[in-house]
Amino acid sequence: MKIEMISFGKIAEFINNQKIDVDGIADTDAFKQYLENQFPALKSMKYKLALNKNIIQENTEITNNATIAIMPPFSGG
Amino acid sequence: MKIEMISFGKIAEFINNQKIDVDGIADTDAFKQYLENQFPALKSMKYKLALNKNIIQENTEITNNATIAIMPPFSGG
Amino acid sequence: MSEKKIKNIFVDGPIKPAFIADSIAKHSEKTAIGGHSIFMGQVRKDEIEGKFISAIDYTAYEDLALEKMHQIREDIFEKYPLNCMHIYHSLGKVKTGEICLFVFTSSAHRKPAIAACSEVVDRLKAELPIWGKEIFEDETHQWKENI
Amino acid sequence: MSEKKIKNIFVDGPIKPAFIADSIAKHSEKTAIGGHSIFMGQVRKDEIEGKFISAIDYTAYEDLALEKMHQIREDIFEKYPLNCMHIYHSLGKVKTGEICLFVFTSSAHRKPAIAACSEVVDRLKAELPIWGKEIFEDETHQWKENI
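Chains as they are written, first to last, in numbering that gives the first Met the number 0: chain A, 0 to 76; chain B, 0 to 76; chain C, 0 to 146; chain D, 0 to 146.
Heads up, a few of these hints could be off.
[Claimed, not checked] Here are the simulated EDC-like cross-link-like pairs (lysine to aspartate or glutamate), alpha carbons at most 20 Å apart as the crow flies:
(1) A:K18 / A:E57
(2) C:K110 / D:E66
(3) D:K4 / D:D45
(4) A:K18 / D:D62
(5) C:K110 / C:E144
(6) B:K52 / B:D28
(7) C:K78 / C:E118
(8) D:K25 / C:D21
(9) C:K25 / D:D62
(10) B:K47 / B:E12
(11) A:K52 / D:E73
(12) C:K92 / B:D28
(13) A:K52 / D:D45
(14) C:K132 / C:D21
(15) A:K45 / D:E126
(16) C:K50 / C:E97
(17) C:K15 / D:D21
(18) D:K92 / D:E28
(19) D:K78 / D:D45
(20) C:K110 / D:E73
(21) A:K42 / D:E144
(22) B:K52 / C:E118
(23) D:K94 / D:D137
(24) B:K47 / C:E77
(25) D:K110 / C:E144
(26) D:K110 / C:D45
(27) C:K94 / C:D62
(28) C:K6 / C:D62
(29) A:K47 / D:D21
(30) C:K29 / D:E73
(31) A:K47 / D:E66
(32) C:K124 / C:D56
(33) A:K45 / A:D22
(34) D:K132 / A:D28
(35) D:K15 / C:D21
(36) D:K124 / D:D56
(37) A:K47 / A:D28
(38) A:K52 / D:D21
(39) C:K94 / D:D21
It should be emphasised that the hints constitute simulated quantities derived from the structure, not laboratory data.
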């Protein structure tokens, strides 16, 4: 399955935007697991995911060619 | 006793600024009585007095050479 | 009683957008400020019994208004941690669409500036001896009443 | 779903006082308006462990931010009787003392404009995916956090 990962703010300092091709990531919980394994620094940080521009509040299925944004707490204004 | 009367807004349309010399006006209640006798239109209007630049909340003694402002409801802003 | 430094708030005629811009620009030197709140009153072209308002002509009991404004200013500075507060009110004719009131408060964080601005506007309307004469297009008039 | 007309809110670099003046001036044609409320965010020269902030560099997940802002705009227009609402947020570098956020609401009477302006600022800070990188005078940085 292909996923496009984009990251922002503080998180963009250690996770580059990239396309990954992985199997076994069926939903956003699994994706978080994957992310925190690849980038252990994330474990101690607050962040949210947006799947195809929808901010994820609860575990959600990921379909092929999804775009997932990894976002630290917002600080606009 | 000398009193300087100044008026504002709608009230200035029928009471001109003037100095009056009257006896027997000891306090602001008596002054109101005097005013409403002289200018009956006042009877049906809301207005406040300011005695020497203090807005009158309760009956207050008037001393010689006082300035009394006759003010309709405020409408600034 | 504290020594009073009574500031003027009255300006002749409408308050111009360029004046407001200038006032904003002056605050760029004040780098402790994080939030500015502004309120502006604009003269509405109200229709009353088929006639439209063309302007409001403001008069005030200036001395008393400035004293009252001074008190309000002191109360507000005591209540909120503000960096600055600027208040301007028109006297004379202000046409529909023009600005007659400009209240500008600033603080390190946004909430005090916003709360103070709103409170100043409320108190100013209720407490300052200012009167607005609403002039219709046919030159007749009526006296504005704050609701 | 309603048809969306997504408005841009992002401007490159600081929001200039002249831009704000222009925005105010444009409303003189809108003679149903009686009150304008403005909030402006200004970059503070905060001191953190002996170092001063010199600028904030803003980035955003622009598409998502504009969609969220659209939702907020619709909610606010539904909740308050507003005549207009304009929102601008900087992207890129904004130096201390410069303005990075400009929220401008207008209504016939003052209360809806004031309440809407304050609510928009709160929601924008909480809900829009925007990030501020606080750059110190020595070029090091830290990431801003909204409290």
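Evaluation of the provided hints:
no.: 1; hint: A:K18 / A:E57; in the structure: violated (23 Å)
no.: 2; hint: C:K110 / D:E66; in the structure: violated (26 Å)
no.: 3; hint: D:K4 / D:D45; in the structure: violated (38 Å)
no.: 4; hint: A:K18 / D:D62; in the structure: holds (19 Å)
no.: 5; hint: C:K110 / C:E144; in the structure: violated (30 Å)
no.: 6; hint: B:K52 / B:D28; in the structure: holds (17 Å)
no.: 7; hint: C:K78 / C:E118; in the structure: holds (11 Å)
no.: 8; hint: D:K25 / C:D21; in the structure: holds (17 Å)
no.: 9; hint: C:K25 / D:D62; in the structure: violated (34 Å)
no.: 10; hint: B:K47 / B:E12; in the structure: holds (16 Å)
no.: 11; hint: A:K52 / D:E73; in the structure: holds (18 Å)
no.: 12; hint: C:K92 / B:D28; in the structure: violated (35 Å)
no.: 13; hint: A:K52 / D:D45; in the structure: violated (33 Å)
no.: 14; hint: C:K132 / C:D21; in the structure: violated (29 Å)
no.: 15; hint: A:K45 / D:E126; in the structure: holds (15 Å)
no.: 16; hint: C:K50 / C:E97; in the structure: holds (19 Å)
no.: 17; hint: C:K15 / D:D21; in the structure: holds (11 Å)
no.: 18; hint: D:K92 / D:E28; in the structure: violated (34 Å)
no.: 19; hint: D:K78 / D:D45; in the structure: violated (36 Å)
no.: 20; hint: C:K110 / D:E73; in the structure: violated (24 Å)
no.: 21; hint: A:K42 / D:E144; in the structure: holds (18 Å)
no.: 22; hint: B:K52 / C:E118; in the structure: violated (23 Å)
no.: 23; hint: D:K94 / D:D137; in the structure: holds (14 Å)
no.: 24; hint: B:K47 / C:E77; in the structure: violated (28 Å)
no.: 25; hint: D:K110 / C:E144; in the structure: holds (17 Å)
no.: 26; hint: D:K110 / C:D45; in the structure: holds (18 Å)
no.: 27; hint: C:K94 / C:D62; in the structure: violated (25 Å)
no.: 28; hint: C:K6 / C:D62; in the structure: holds (11 Å)
no.: 29; hint: A:K47 / D:D21; in the structure: violated (38 Å)
no.: 30; hint: C:K29 / D:E73; in the structure: violated (35 Å)
no.: 31; hint: A:K47 / D:E66; in the structure: holds (17 Å)
no.: 32; hint: C:K124 / C:D56; in the structure: holds (16 Å)
no.: 33; hint: A:K45 / A:D22; in the structure: violated (26 Å)
no.: 34; hint: D:K132 / A:D28; in the structure: violated (29 Å)
no.: 35; hint: D:K15 / C:D21; in the structure: holds (11 Å)
no.: 36; hint: D:K124 / D:D56; in the structure: holds (16 Å)
no.: 37; hint: A:K47 / A:D28; in the structure: holds (11 Å)
no.: 38; hint: A:K52 / D:D21; in the structure: violated (34 Å)
no.: 39; hint: C:K94 / D:D21; in the structure: holds (18 Å)
In the structure shown, a violation is registered for the earlier hints numbered 1, 2, 3, 5, 9, 12, 13, 14, 18, 19, 20, 22, 24, 27, 29, 30, 33, 34 and 38, in ascending order.
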